[in-house]
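Quick note, the sequences are listed as chains A and B, same order. The opening residue of the first sequence carries number 4 in the working numbering; numbering runs sequentially from there. The opening residue of the second sequence carries number -15 in the working numbering; numbering runs sequentially from there.
These are computed hints drawn from the structure, not numbers from a lab. Warning: the hint list may mix true and false statements.
[Stated by the list, open to error] Straight-line Cα separation of at most 25 Å, DSS-like style, residue types lysine-lysine; simulated pairs:
hint : chain 1 : residue 1 : chain 2 : residue 2
1    : B       : K80       : A       : K7
2    : B       : K(-6)     : A       : K17
3    : A       : K17       : B       : K20
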Amino acid sequence: MENKEALNTLNDIKEMMERSSKFKAISGLSIIIIGILASLVSAYIYFFLGDYHINTPAKWQTTIIVAFCLLVVAFLTVFFMAFLKAKRHNLRFTFDTTMRRLLLNFFIPMVAGGLLCIALLTQQHYGLVSSITLIFYGLALINSSHFSYSELRYLGYAELILGLIDCFLVDYAVLTWFLGFGMLHIVFGIIFMLKYERRK
Amino acid sequence: MIANLDGLNKAFESKIRLGIMSVLMANESVDFTTMKSLLELTDGNLASHARSLEELGYIRCEKKFIGRKPNTSYSITDEGRDAFSAHIQALENFLKNQV
Chain A
4 MENKEALNTL NDIKEMMERS SKFKAISGLS IIIIGILASL VSAYIYFFLG DYHINTPAKW
64 QTTIIVAFCL LVVAFLTVFF MAFLKAKRHN LRFTFDTTMR RLLLNFFIPM VAGGLLCIAL
124 LTQQHYGLVS SITLIFYGLA LINSSHFSYS ELRYLGYAEL ILGLIDCFLV DYAVLTWFLG
184 FGMLHIVFGI IFMLKYERRK
Chain B
-15 MIANLDGLNK AFESKIRLGI MSVLMANESV DFTTMKSLLE LTDGNLASHA RSLEELGYIR
45 CEKKFIGRKP NTSYSITDEG RDAFSAHIQA LENFLKNQV
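Just chain B, same shape as in the assembly (with noise of 0.2 Å):
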């Protein structure tokens, strides 16, 4: 059988960066702590996956300080919804065609 896993996006094959994709999905914009408590993650991880999902223009990062403390929030750009939504579509398509 030929597997059709066209529109299946590189980008989100890591678990991680699924997770961060799929959170910010189902949330306006969510801060960094949460995020790395959410996915179990350590703050180097969750970082530097991050930066790699905004470098791709899929999510955005806003950096703020709350009295002194710096406050990194994450939300996710139309771009990056247009294509996780690609994404879960060609996960269900694959499926289909399985069955």
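Pulled out of the complex, with its shape left as it was, chain A reads as follows (with noise of 0.2 Å):
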């Protein structure tokens, strides 16, 4: 047996183990923009509202109405340029083993941190609910890091460092939203994008 082979087997067999374990089709440049998309909703909720606070349940109605709508566009870009990305390198887009772990593991995290939202919501707990959607983000990219690129976790840990931070501040939410689901996600997609889809 020749050296070279060997090597061969193991990466081979290393690019096997990840390849049907993992789902590998998301596109770096997806994610800089819901990044932008993110900041612009910030800053649309920001000028919308005159300043920092939302404090009533008309803004607040606003404000959920807006995000919802993003986080629909978001997931819909995702798993669109998801489905162009597979497309383009050949790789597996079925609702298979892998796509359907990388959801549910994505999506238990959210939806919880989703009904925790509207239940504080609807008991006029207005203060946590900001620190909340990044929290439970967080924990649902580190979650499904295990079952797609493992990096992802970064970007998890990120977003829940700061979610803890904007628990112990009051009347931030706007600006740590465009922080964590603006700038971060656009930080996150540029060095995704260097480092698995620059061009060689």
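Both chains come to you apart, so use the hints to assemble them.
Have a look at this one:
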């Protein structure tokens, strides 16, 4: 057996283990796009409200509707661009175990966090909602990093830390959303693209 | 140089069998169709290699029906996990001795 052959075999094994258990079609550009969208939406909320304070039910209502639309648009963007990336790079894009596991592990914390936020809002506890959205989003990313690019967990850690800091601050909801959902995505997306999608 | 080839398992010499084992190392259980598309194999090809691994006791094959469709899924046995780890270890040792 040649040296090279042994090395190739080990690489094949590693690649096959990765490919069969991880969803690799996430596009870096889509992460940047949702970062930009989130920044714009935060800016809109900020100017719409006139200040940082989201302290009345009416203001919350608008914020929630806008945020929910953003979530849906962001998800569709990631999904659609993953589809394009899979097509371009000949990756698998079927509703198989890897995709199912990724979606499940992402949405369990997201849905739990979402329901918690709804409960808090209906009881008029507005203070912690912004940090809870960031914390649960961070946990969702950490959780799903096992089933996709493992680097996603760093974005998750960053969101989590930002969310926890936000717990102790009052009235910075829009700013932390801007940083967490906007800036962090853009920065992470750029690093991600440099690492995985640079043209060789 | 005398290469140290101890521990290389003959059962994993075939690329297909190596692929099947790699996939099963990383996943709890994998069904026939997924395995086929992952390794880009034909039905017969996968079935025969899977059977030989099953006969060695390295993998487990579970056949059941989902509705009326037969569904075969594979999972690795403890024995298979040990054998495959030993095989990887042997490959790594071999590379180390070369350096």
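Status of each hint after checking the structure:
1. K80(B) - K7(A): 12 Å, holds
2. K(-6)(B) - K17(A): Cα-Cα ~19 Å, so holds.
3. K17(A) - K20(B): 18 Å, holds
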